[in-house]
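K.L.:
Go ahead and model the full structure; you've got the sequences and the hints to work with.
In this text, residue positions in the sequence shown follow this note's numbering: the first is 1, and each later residue adds one.
None of the hints are false.
No more than 25 Å apart at the CA atoms, straight line, and that leaves these computed lysine-lysine pairs for DSS-like:
#: 1; residue 1: K122; residue 2: K73
#: 2; residue 1: K132; residue 2: K122
#: 3; residue 1: K514; residue 2: K337
#: 4; residue 1: K73; residue 2: K132
#: 5; residue 1: K175; residue 2: K122
What the hints contain is simulated information worked out from the structure, not anything from laboratory work. Computed from a predicted model, the values in this text were never measured in an experiment.
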Amino acid sequence: MGGTQVWGGEQPLLLPGAQRERTAPTSPRGISPRQDLFLPRSPGRMWPLRLAWALAVLGIAAGTDPTAPPPDKASIFADLTPAELRAVRDFLMGRPELGLSPSRGGSLAQNTLFLVELLPPKKRLALRHLDKGGPAPRRQARAVVFFGGQAEPNITEFAVGPLPRPSSYRPLRFKGRRTVPFAARPMTQLEYELLHRALVQATEPLYRLLRDATGFWYHNCTDRCLTFSDIAPRGLAPGERRSWFMLQRFVEGYFLHPVGLEILIDHRDPDPRRWAVQSVWYNGQYFSSAQELAERYEQGQVAVARLDEHASQLLFSTYVPRGRFTTGTPTDVHGAKVCEPQGRRYRLRGNRLEYGGWSLAFRLRSSSGLQLFDLRFNEERVAYEVSVQEAIAFYGGDTPAAMQTKYIDAGWGMGSVTYELAPGIDCPEVATYLDAHHFYDTDRPVRFARAVCIFELPTGVPLRRHFNSNFQGGYHFYAGLEGHALVLRTTSTVYNYDYIWDFLLYPNGVMEAKVHATGFIHATFYTPQGRRYGSRVQSHVLGNMHTHLVHYKVDLDIAGTGNSFETVDLSFENISNPWSPDARVVQPWLHRRPRRSECQAAFPLGQALPRYLLFSNPRQQNRWGHARSYRIQHSSHAGRVLPRGWREERGISWGRYHLAVTRHHENEAVSSSLYTQNDPWEPLVNFESFIRDDESIEDQVTGTAGLGTGAGWSRGGSGHPQAP
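P.N.:
So, in structure tokens, the structure goes:
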């Protein structure tokens, strides 16, 4: 998505109100692309997480037409157009040495193109173009290829360019030059189709048990089908690809309808004929195979969990409003709406967004989501990059699926599941809506209609105000400024969860990053032992405990790239009172502490953060001699999801910190990867290694920040900060 390159395209994906086909879902975490369901309302439980940067400056400007041709300089960050995506595909498919085949159909033992997206330019080249009038960096694509048709299958990433007419490619290397194991690859539609067939075969002996206990079954079903949710990570050690599949009634909100059957399948081999069921769990009991469970059921040796008869009109999991409030206040009329009485006050020029003093370039990265570049206030750069890096949800539970669930959402294409936003619900009716194009597990670009929205929002609180009383029933004056913010929004529907991602721009120079998690809970089958790990929410449903963490990258450039980082705390002093020598005065003072190295600027979860986290340019001062600075204001209360260094925790080492500030390196551009979900034990991107070498961050800082019910990472100038 980006610039004039966002509109047009191929193959609309979202079908609001589409009828669900009664077939077993075969795409990520059990969702079928044919069962798109338009949900008119969101559940009440949401958790806002935010990251704010403040600068004491004001500015408002009026806009006119919100869309216009893209300025050349912002376009270096624009997402690839459908034509560019096709050009990369055609170029790579035409290289005989790669031996690529279409991803649809065929087998896993073939070479396929999995992902194509923009490869952002190196920062030094971008700044040379943006600030010094240098040539625009060569436009390149990042292409991910699954080499499954080799003696030793692997995954290789390529830089392909120059665009729009590519003529060369070169491999991209991870830090440490490690190769990507084939078992670490994300799931594909083809693999889900093959797993569906394996589950049909595995559940056939269980037909009578499933019919008697649930009224639904998996194989040869019509309108009473079971579906599945698959769990990750897929195994317990590197190189494994063993997934637990949790069976559910295929009804609206099937996430809340587990039937008590979970099946473990080993599907590491590219040949599905070599796949095997390794274990079966039913209602608290483990079995070596489905056949053993079926035989013991026939012998009356299984504790059967008989589910209530399915009543489609009274289904608790639907989004149909039900019940009423006891106050009797109206709920069947529209609530308050956002309006623009004198037109829009922001301007969209391609992928360049302007509002008040703010201007920035943005894109919707297929691999992980929204990414902002070249953020300026009153023409001065504040940040080079602010972007979503990763989101995770780690669970606990009694069933094997529950205890194995550790979702790392970039591995599910978090940035590519940006389904259509509903005017009036997801965004105001007056918002500007933009399409996106993704090339993710497909053979051609796919258009996602209305994937991004932009709108101005009244904050409901004055930006500032004062009533100056004369203390005699009158006043000297009243003054106030309305509070507004511009919102840039998209969503990621990753299986049951819908993440709503917001970046907010305020007219006083504050920027805020916020995420809400809504959708459905990830629920498992209730057992009495399950109460240790959650709450019973229906007769056979447990709402499992879990922790969300979200990671952002914040590359601040305050008045230039030579930034440093310091913390400020309040200390107290006990001094003699200068105007009453016999008395003492206890008062606060500002205790400043420069943080000169990466280890000094990493703040672990569980420890109190300093009161102020400041990124400054010591060479640029205001008229009163203060270094020009921005503050990161952290408002997350998350804790650790696992003990430090424990197996899967190694893959999310960024989650150890509220904020981590590192030195900028091009080979430390991201804090996670597509491959962490299925190999968290030996992650390709190890965030802890960014900090471990304890480099100097003076004049070269980048920050990362984490949020949660979660964490973050930050860089300024040529380094990183972190914050949620």
